[in-house]
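Chains as they are written, first to last, in my numbering: chain A, 1 to 360; chain B, 1 to 332; chain C, 1 to 309.
FYI, nobody ran anything at the bench for these hints, they're computed from the structure. There's no promise every hint is true.
Claimed, not checked - Pair ranges (Cβ atoms, derived):
| no. | chain 1 | residue 1 | chain 2 | residue 2 | range |
| --- | --- | --- | --- | --- | --- |
| 1 | C | Tyr63 | A | Ile64 | 39 to 49 Å |
| 2 | A | Ser244 | C | Phe270 | 39 to 49 Å |
| 3 | C | Leu302 | A | Glu318 | 40 to 50 Å |
What the hints assert, rightly or not - Derived pair list, reagent style DSBU-like, types lysine-lysine, alpha-carbon separation capped at 35 Å:
| no. | chain 1 | residue 1 | chain 2 | residue 2 |
| --- | --- | --- | --- | --- |
| 4 | B | Lys175 | C | Lys228 |
| 5 | B | Lys128 | C | Lys3 |
| 6 | A | Lys97 | C | Lys3 |
| 7 | C | Lys157 | A | Lys246 |
| 8 | B | Lys149 | C | Lys3 |
| 9 | B | Lys35 | B | Lys303 |
| 10 | C | Lys157 | A | Lys63 |
Quick caveat: nothing in here was measured; it's all calculated off a predicted structure. In this text, a Cβ means the ideal position worked out from N, Cα and C, and glycines have one as well.
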Amino acid sequence: MTAAIENQNKNEFDQAVKGSSLNKDAWRRLKKNKMAIIGLYIVIIYAFIAVAAPILPIYSYKKIILDHQHLPPTFTKTAGELMYEKVKTRMLIIAKKRGRTELNEREQKKLEGLRHKIKTEVKTIDGEIVKLHERIYYLGTDYHGRDMLARIIYGGQISIAIGLIGAIVALIIGITVGAIAGYVGGAVDNFIMRFVDIMYSLPYLLLVIIFMAMFGQNILNLFFAIALVSWLTVARIVRGQIISLKNSEFVEAARSIGASNRRIIFKHMVPNTIGIIIIFGSLEIPAFIMYEAFLSFLGLGISAPYASWGSLVGDAVEGMADFSWRLFFPAIIMTIFLFSMNFLGDGLRDAFDPQSKNKL
Amino acid sequence: MTNNKILEVKNLSTHFKTDEGIVKAVQNVSFDLAKGETLGVVGESGSGKSVTNLSVMRLIPSPPGKIMNGEVIFDGEDLLKVSDKRMQQIRGDEISMIFQDPMTSLNPFLRISTQMMEPFILHQKLKKKEALEQSIEMLKLVGIPMPEKRVHDYPHQFSGGMRQRVMIAMALSCKPQILIADEPTTALDVTIQAQILELVKALSAKLNTATILITHDLGVVAGVCENVVVMYAGQIVEKATNTDLFKDPKHPYTKGLLNSIPRLDTKTEDRLFSIKGQPPNLINVPDCCPFFPRCDFAMEICKQKNPATTQLGNRREVNCWLYEENKEVNLG
Amino acid sequence: MTKFIIRRFLGIFPTLFIIVSISFFLIRAAPGGPFDTEKAIPAEVLVNIEAKFHMDEPLVVQYGRYMYDILRGDLGPSFRYPDHDVNYFIANSFPISIQLGTISIVLALILGISTGIISALRQNTWIDYSTMGIAIIGISIPTFVVGPILMYFLAMKLHWLPTSGWITGRHGYVTLIMPVITLSLPFYAYFARISRASIIEVLRSDYIRTARAKGLSGPVIIIKHVLKGAMLPVVSFLGPALAGILTGSVVIEKIFRIPGLGKFFVQSAFNRDYTIIMGTVIVYAVMLVVLNFIVDIVYSFLDPRIAYK
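The shape of chain A in the complex, shown without the other chains (with noise of 0.2 Å):
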């Protein structure tokens, strides 16, 4: 071994030197988490999903066809064949109930028909003509005939966005409040947090029920009324690091050598804050997606003929013993993605904070 190997990386026992910033070492640690980067790849799919919606070759989510009502999921079976079937079934029952066992000729004439319109019915959507009946639809129908594989993509679309959007605008204002109370201290901070304290005790959830009843039951409102509570435990959060960072001796340091204020938020504490921000941020979509479902669901957030999971679940509870593929289809995908967000929210955390997997 010869003496100074002046490998820039390696000191003179020959061992790697490797510098690394914080950010790097999170990366590395965040790989080596199997469930995150599983997690990570689902909610990169949905999203890609939810983008791309307008043209994947699915079926319309919003046009009402009656006679597609109720369709079970089928991979191989066309509407018209299901509605066939259903039609003929239930004849064959009737008939029963009338001590036949066989079709008689009026009713198989109405078959004819039917299967006649199944054939050649041909309806104009979205500006193309489509041979309705020959459509498959793979996750069934719902109420009103239309299609859950489409309904529950836009749907995803809707819940992903108001999840994404809803988490953004509560870490703006929450950062923003946080960081000010934080920084600036004393009787702004005081004020600030007995506000906090106060909004904390309200049941605030049942105050955006109310909101959402009285003003009416639009996107716009939904985010205002949601974001409204959801920023304050970000506030909290971002307003407990920049205390403990505004007295930390790195700020100390940086302002004995004359850096400005600034320069000392921008440049120092943003950083160190930055871990904290991306690992609230995560948690904060499905926090937000369910808050919106909750909404949905009891009638209270989005309106027909947009479709979001949780009002898709929602319409599905009372018809869920005969019509189960509307129930259990939105709730698996749903669930997934959350599943998703929550694997990947707690790998950011551990991968930003090892010490944290040991605490919440």
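Given chain A, work out where chains B and C should sit, using these hints.
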């Protein structure tokens, strides 16, 4: 040779498993402790001084740490081999340990009385009333004013220095044979430091307790310890009596440490001395002297083999190739 | 300590005052009075109704009147159902919600904490992984998904449990099972995770190392030294958990058709029955504030640093 030895540590090695590899925190450490002796263990952060002593107490968290090798003979028993139950009997009763940060070392949710009574109840089987009385006595001994009242307080109602006194009182409650003090004054003000050290010195003399004092501060060692062990990168590099170490350090590292202490008679224009370089990463350390890159006297063999221990007589040992044949060496 | 309790107690009132005021103004500000949805009402009747409810008086007077009534415990008449007043409706439905909520939170606490302790002590074993797995499921699946799914399998397909109803009905206590499981699941999950994390963190702290150095044995350390401190985050979370139980019960009551206050509340929100809405909000708010107060006090008993400063 004298059967005055109360603790014999032989070839102790402790490793930690981490994401980046196995950290060899303590390698092949051996030292002895005599009855009533005050031994100083000196080294910088990461030198292995705390881990060594935690290993003696078997307080190493077991994943990720593991005591790989060695013997710790106490009173005829090898502590590394006794049962957990036996170890629990020994801890707090025959060997006690106090730690660096008194702010966090006491349970903030329990009263001082509760915490101080525990050793009495557990090891001496006293009843609550007697345990409380004894606790108050111990508080008096360490100089806490109004002990009958303060014993019922919570830790946050004490200052740092007083908390450390409480820790000392707690540790000495059962009159242990050995007290291990891991940097007891590092977290305290300098003025309090002196008081605490005096207290430790006085009490251990009074109770004839052998004391191992772990520190990075040579000043502390000079004032309190009879003998000194110097550690670097998980290994012992030198052992000497107090006077010998300061008068005539043998290992280049020790010499560097002594030179690093700012002196009152240094001229203001002179730069402060510090040993150049950094301690090594303790993962994948090759077989060499761990100090060689920073050593002004490094030789070829230093880079290739870990030095063997050379006995220099009169309770002196050094691990350095310079002394291999008991040559006379002038470190200048 | 007593000073602390008194101070906290007095702090309740401003909060309640603000809540009541907010409810009052919020509802007054909402578009659409209570009567304009359905049939057109003759003008004279409308005038009478507005007089009865004092809507012709200036806002400030209405406010004052309302405050006074509240203090007397009178929540006013219903806007929708002129034969009964708000107290009647609330008195009939609130106890049911309380039963549901209490059983759920107690179950969640007991199971959550014990599971958390076991997981913390048996970290990274199959026990740990399975209990924490259930916990993630509990947190991720929304209540309004769990409820219907349980109902589908247990009631409709397997016929083990009745689909709806409450204790006083035909089926008795069996009807409790599904709603309580559904409502308590996410909170069980949170308590389990929090307990586990908290215990693990406490186990790594310096003062536990001191306890070990004193020769204390494992079980003693856990019970005497670890639990008290480790339960703090659990108690902290109890406040938001109680609020969560309250809001969660609204959904549960809808799914399982339980005649509780939540179901009633949502209906009233749709009906724009002002007085009932306000009355419900006030009842909920008072309950929450009082419960939070109790939680604060419990917390201060556990953590001496709070009260003795």
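Results of checking the hints against the structure:
Under the hint 39 to 49 Å, the C-beta atoms of Tyr63 of chain C and Ile64 of chain A, about 47 Å apart, fit the expected range. Between Ser244 of chain A and Phe270 of chain C the beta carbon distance is about 46 Å. The supplied range of 39 to 49 Å therefore holds. With their beta carbons about 46 Å apart, Leu302 of chain C and Glu318 of chain A fall inside the hinted range of 40 to 50 Å. For the proposed pair Lys175 of chain B and Lys228 of chain C, the alpha carbon gap of about 30 Å is at most 35 Å, so the pair holds.
For the given pair, Lys128 of chain B sits about 31 Å from Lys3 of chain C by alpha-carbon distance, which is consistent with the 35 Å threshold. Distance check on the hinted pair: Lys97 of chain A and Lys3 of chain C sit about 80 Å apart at the alpha-carbon level, beyond 35 Å; violated. Pair hint Lys157 of chain C plus Lys246 of chain A does not hold up; C-alpha atoms about 60 Å apart against a cutoff of 35 Å. Restraint check: the Cα-Cα separation between Lys149 of chain B and Lys3 of chain C comes to about 21 Å, which is no more than 35 Å; the hinted pair holds.
For the proposed pair Lys35 of chain B and Lys303 of chain B, the alpha carbon gap of about 39 Å is over 35 Å, so the pair is violated. In summary, the hint linking Lys157 of chain C to Lys63 of chain A is supported, as the alpha carbons are separated by about 32 Å, within the 35 Å threshold.
Going through the hint list in order, the structure does not satisfy hints 6, 7, 9.
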